[in-house]
Structure formats: structure tokens, C-alpha cells
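Participant: The primary structure of each chain is shown beneath.
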Amino acid sequence: MVMTAAWWGLGYGALLVAVVAYGRHFLQHYVFRGERALPVERVASQRVGESLTMVSTILLGTGIVSRALKGNGWPIVSAADAAAGIAVLVLLLQTVWALSSRPDGPGLAATCIALLLLSYGLARFPVAPVVVPFGPVASALSDALNLGAGAFLALATAFSLTAVVSARLADRPLTAGRVSPREDDPASEMLVRASLLCLAVSLAVDTWWLQKIELGRTGEVQQAGIAIVWMVYFVALRLRSSPRWRGWPWASVLLVGFVCALPILIDVPWLALPLPI
Amino acid sequence: MSTVPDRETAARQSTGQRISRGLWRWCSSRGALLVPLLLLAATLALSYTFPQASAHVRSDPITYEGWLSIVQVRYRRWTPLLRAMGMFHVRDTPWFRALLALLTLILLVSVADCAGRLVEEWHVRHREAFFERGEDVRLSSDLPADEVAGRIRQALVDLKMNVREVREPGVTHLLAQRGGWSSVDTLLNLCGALLMVAALAINTRWGWSQLGVQVLPSRPVQVGPQGAHRLELVQTPADSRGAQIQIDGNERLFVDRERGASSTAFRYELTDQGGPLVSVSAWDSSGEPLALSEYTLRPERQSELQLAFSAASEEQTVRLFILPEAKTVVRLEWRNDQDMGAEPPRFRQWAFEQGGQQLVGTAELTAPDGTATTHIGGVTYQWDVSSYAVLDLAYQPGRWLLGIGALSALLGVVVQFVPRQQAWAMMQSTGEGTAVRFREQSAPGDPRQGGPLRAILSALDLETESPVW
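In order, the protein sequence lines correspond to chains A and B. To convert, note that position 186 of the first sequence is 186 in our numbering; the numbers rise steadily by one, no gaps. To convert, note that position 121 of the second sequence is 121 in our numbering; the numbers rise steadily by one, no gaps.
Mixed in with the good hints there might be a few duds.
Covered stretches of chain B, as calculated for chain A (at least 3 residues, CB under 8 Å) [what the hints assert, rightly or not]:
| # | segment |
| --- | --- |
| 1 | 38 to 46 |
| 2 | 404 to 410 |
| 3 | 431 to 440 |
Derived by calculation from the structure, the hints in this document are not laboratory data. From the three backbone atoms N, C-alpha and C, an ideal C-beta is built for every residue, glycine too.
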């Protein structure tokens, strides 16, 4: 139990420092503009942020895996676990992005979102290895796909916010009716498409193969919610083909959409809480 | 010569046509879906926020009033207002149905419009919307228009692109595509969305759920808002923690480890299975039957009493009942572990007299073949031991539509990832030769980007500098 707490505690601490490092980089680069004249490159604080994000991902991931191994079951039991799971996946994707030598990543926004999710998760997180017995593969697959969709949406939000804020702070005037290439990040569109893929597979698995009901919980309600989330994001993607919907509108849609979709994806217990009758 | 009424009719028709065309255009526009979808999401959020009365609860006024009295504890004086607004059955309100109907209409029009665009020549001409952006390349050639069109067509065919051509007076349009079949992605996605909405509509109109349905052996239970479905417990096999239940004539074995099962539109979970159900009757020493009643505030005398022991709850292992004529209180304790497996149920019986103060005797009770008899204090007890099951049930007639919709959506999203390359060319005769406007579209980072333009320049023997941008 002590070891499990240590994984989570150290991972959370590393993430906290990573946020500070990314924040320092952001302030240097965009607000105080000490290095604005430089081309976009990895300055020291960004490198620290990337390294600590990687360390945090490893520690938190080990925490989840050790919990599953010690409890001999599926470690995602509650909404808090799901939130923590999404946070770890966001950090993993951000690490992969940074490792692939992409200079201009959404480090600050991604780590901030992960920190918020992890804080919610750890606030209600039992350190003891609470797990559910491994059931049908479809059940774990459905949960994992929902977490994956949440992580993709979180990262898409981070990308679009980073692009919009950095373009504004860099004081790039926008031509009327057009979006500056900097303000519109095509990666966010690709990530939303990936999340739509995850949601569609999850819904298909849930309705075709996963024969669970869990009426006392929110199985049916979650299905309806996922269907609506899928449709809203599909429409948002269609709208994005018009330049008017790129930039700030797109970032706003992603931010609001993520905040609204998160309770459905992590299946918070207050969704359609049944009365005892 | 047209008369005045004819002209009015014509004007009315054209107005009607204008309205219908405008409606069609609005319904098939990209933004039309957004408003009803956001309203639907907000409505669903309301249904998540407030407790929802299931259909079977609402079908029985007494049960519904009982349910509302529980709700009133939570919402106090706001309860009547929330009830009037339909907040406790959001998905069964007229405005929710109207919203689904509107969404269905918009999606139907969008699907039809999208399918129409796929087959018609609109794609090939792709007029002003494409060329007005100023992102096209303008070329001029001394060759006649037919010759230019032929060369461009051949160049694009050599790039293994599928070329379609539309000729209009003085103008020739070409559309070349690679992976063009993947343009069905929007259609697939729209079909998926339509099916999902249809599934939601069907489930909210005809679906229901019912928790804690107790199924006893040889006692069929009617479930659903109108009691349209019949459940009957066939048996609870001793070698598995499950129950064999007949649902509308179809037998199914439910095993706890499955964590639920489904059949056609039903989904159900066995929440309690194999718990013993004890039927007891009693006689005095002269062979006269004795009445029995449960140990409650208002006991009802019965010739036979049924006592259910839950396999899912550790607290419900003891039952009390009274023999009023013999002035006896009987305590029956179920003594198996909860996870008894194939072991037959074991009980211990205590009989008390004088208001439960004096112990008359005890007896061990096992019923390997389902029946047992005990004698305590001049009373003979006849025990029939069987099992019962408790199910959570949901009827979702739109479940399969939701699944097909999800698969269609999945296919649509997968197809979106297929790299697509498109190129348009418009050739117009001028007095001295031919003017060509050309544009290509590829996925960002596609290494084939620029290939069609290079091929066309080569085919028309034009240098890179010659095009007018």
C-alpha cells in the first residue's frame, strides 16, 4: 500500500513541477517575450517540463499497473479512477508528442488538464488496491476506449487552446475572414477524429458485445450520452471546414465540449441516480 | 394568355417551392444540426440531474405517488413545479419527442442531400465556391480547348486518378480523384447519427426498466408498463450460481458470472439467484391445519407462508413467523454460507411460546429432495424448499439500431483516415487558345501533393514560370 501511495504521490509531485516548468517557458516565450526573437526551440524550462512529464507518466502508470497486479483485477473502478486514467493517458500522449521532436507542443495546457483530472482522481482515490474482477474482455475494452476518447479530447483541447493563445500573445494580426495558420492547429482535428473513432468503437462494443445492464449504475444513460457526444463532435468537425469556425470558435467548442463530455466518459455516479423504488 | 387565378397559382407554387427549397437548404446546411443537438444534450443533462421515474412506476398511479413522496423529501416545495415541467420523466415529454422528431427530419434531409451530391455532377463542376477562394492556379495554353482537356485528362489518368468530365458550352470541367470512394464518409456518419437518434427515440418511447423483479418457481410474473412480458423461473441449477428463466416462452440460463445477459431487445442482470425460498405449513397433534402469519405489525393469516432468503445479502438469513392458534413464534435461520455452491440448503428452527419467552424446542432442517418435516411442541411443520431469483430488467427495443448506427459511424470515421487526393480543372476557350484553372487538394503532409500540377504542366509543355498565379 505504501509503495502504491508512493507511485501516485511522486507522480503527482513530478507533474506539479512539470506544470511550473512549462509555465515558466510559456511566460518567457510569449508574455515577457525575452526569447521571442528566437525561433521556436526547446529552451531549458521546456526540456525540464518534458522530462518531468515523462517521469510523471512512468510513475503514475506504474501506480495503475501495480494496483491492477496487486488486486488481480481491472483497476478502473470509479469515476475518480477514470479521471486519473485519462490524466495518465494525456501525459503519455504528450510525452510521445514531445519525443517525436515536435518543437511546439501543448505542454502547459496538456499538463494543466492532466493535473486537474489527477487532482480530482486522487482526492477520491483509495490507495488500497480496489479492483473489480477481470470480466469479459469487452468490458475492459469499452472502459479503455472511453478513457482513450477522453484523453484525445483533452489533448485536442490543449492543442487548440495553445495555438489560439500563443497566436494572440505573439501579436499576430489576423486578416479578416481568414485564420492565421498558427491560430488553427490541424492536430486538434486529427485528435478529435481519433476520439470519435474510440467513441464509435466503444458504443459498438457496448451495444453488440458487452451484455451488461448495470441498471443500478448508468449503463444505458452512458450509452445515450456517448451517442450525443459523438454527434456533437461530428457536427463540430463539419463546421470546422468553414474558416469562420476555426481558431477561437473551434477552441471554445473543444473546451466546452470536453467539460460537458467528461462526466459521461468517466461515468460519474450522479448520472441518473436511481431512487430506491 | 394566362388568367389572374393562373398567375396566383403560379405565384403560390413558386412561393411554396421557394420555402421548401429554403427549408431543404437550411436542413442540409452544416450548422442546422448543431442547435437541436445542443438542445438534446441539454435535455439529457436535465435527465441526468433529476431522478427519472421509470415507465412501470409511472404506469401505476399509487406507485408513482409513492415515488414522488420520496422525491419530495429531496426537492421540497419545488417538487410540484418540477413535476409540471416534466422533469421527472424528461425523456417521455412531448417537447423531448418534438426535439427528436426535428433532429430526425434534419438528419433525413442531410442524408438525402449528401447522397444526392455523391451521385450528381455537382462534384465535378464544383463551381464558384471552389474557385473564388483564389487558391487556384491559372494557366494558359495556345492549344485548342479539346486538345488541352484531352492532355490534362491523360496526365491525371497516368497518375492513377479516377477522372470524371462534364462538358458545358465553351467550358469543360474535370474532377480527378484518388481514394474518391472515401467521400462516402459524411454519408456514413450521417446515417450513423440518424440511426442513433432513431434508437434514442425508440428506446425513450417504448423502452422501460424495472429493478428487483422477484421470480418465484411456478409463479409467472408479468413485467413491463402494461405487464406485456411474462417471466417464469424454471429452475435454479444446483451446480451453478444461476437461474433458468423463461422469458416470453424462450428459456435462458442466467449465470451470475456473466454479469447480465441479453435476448432480443431485453437486457437483464441476475442480482440474486439461488437463494432458498421456503414454503411452510403446520398442523397440530390432531391433524388440524394451523394458520401462519408473518412477524409484522399487521399479520395476515395464511395456510401456507413463503419465506425468501437472499443469497446476495448477508443480513437476510433469519425469518420469524407466528402460529397464532398455537401461540408460538418460530425463528428460522438459514445456515449455509452465501456461496453454498451445490450444497443443499440447511436451516435451524427454534420454536418459542409465551410471547417468545420460552423456548419449546429446536430442530435442524435440511431438504436434499426439496421437502422436510419437523415436530416441535406438538406441532408438525411441513417445509418445501426451492429457489428463487431476482432480476434487474431493461427493455431496449432500439438497442440494435444503436449498434448498427455505431458501426456505421465507426466505418465513417475510419474512412475519414483514408488519404484522399482531389484535383479540379476548368478549361475555357479564349480567342487565342485555352485558359485553365486548376486546384488540387491533398491531406496535410501527403507526399503526393503537387504531383497533378507537375503532370499537367508537363503535359501542356509549360514551364514552371509560365502559370499566372
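Participant: Hints first: check each against the structure and report whether it holds.
Facilitator: Quick rundown of the hints versus the structure:
With 5 residues bearing a CB less than 8 Å from a CB of chain A, the segment 38 to 46 of chain B meets the requirement of three and the coverage assertion stands. Coverage of the segment 404 to 410 of chain B by chain A holds. Counting CB-CB distances below 8 Å, 5 residues qualify, and the rule asks for three or more. Look at the segment 431 to 440 of chain B against chain A: 0 of its residues bring a Cβ nearer than 8 Å to a Cβ of that chain, fewer than three, so the hint is violated.
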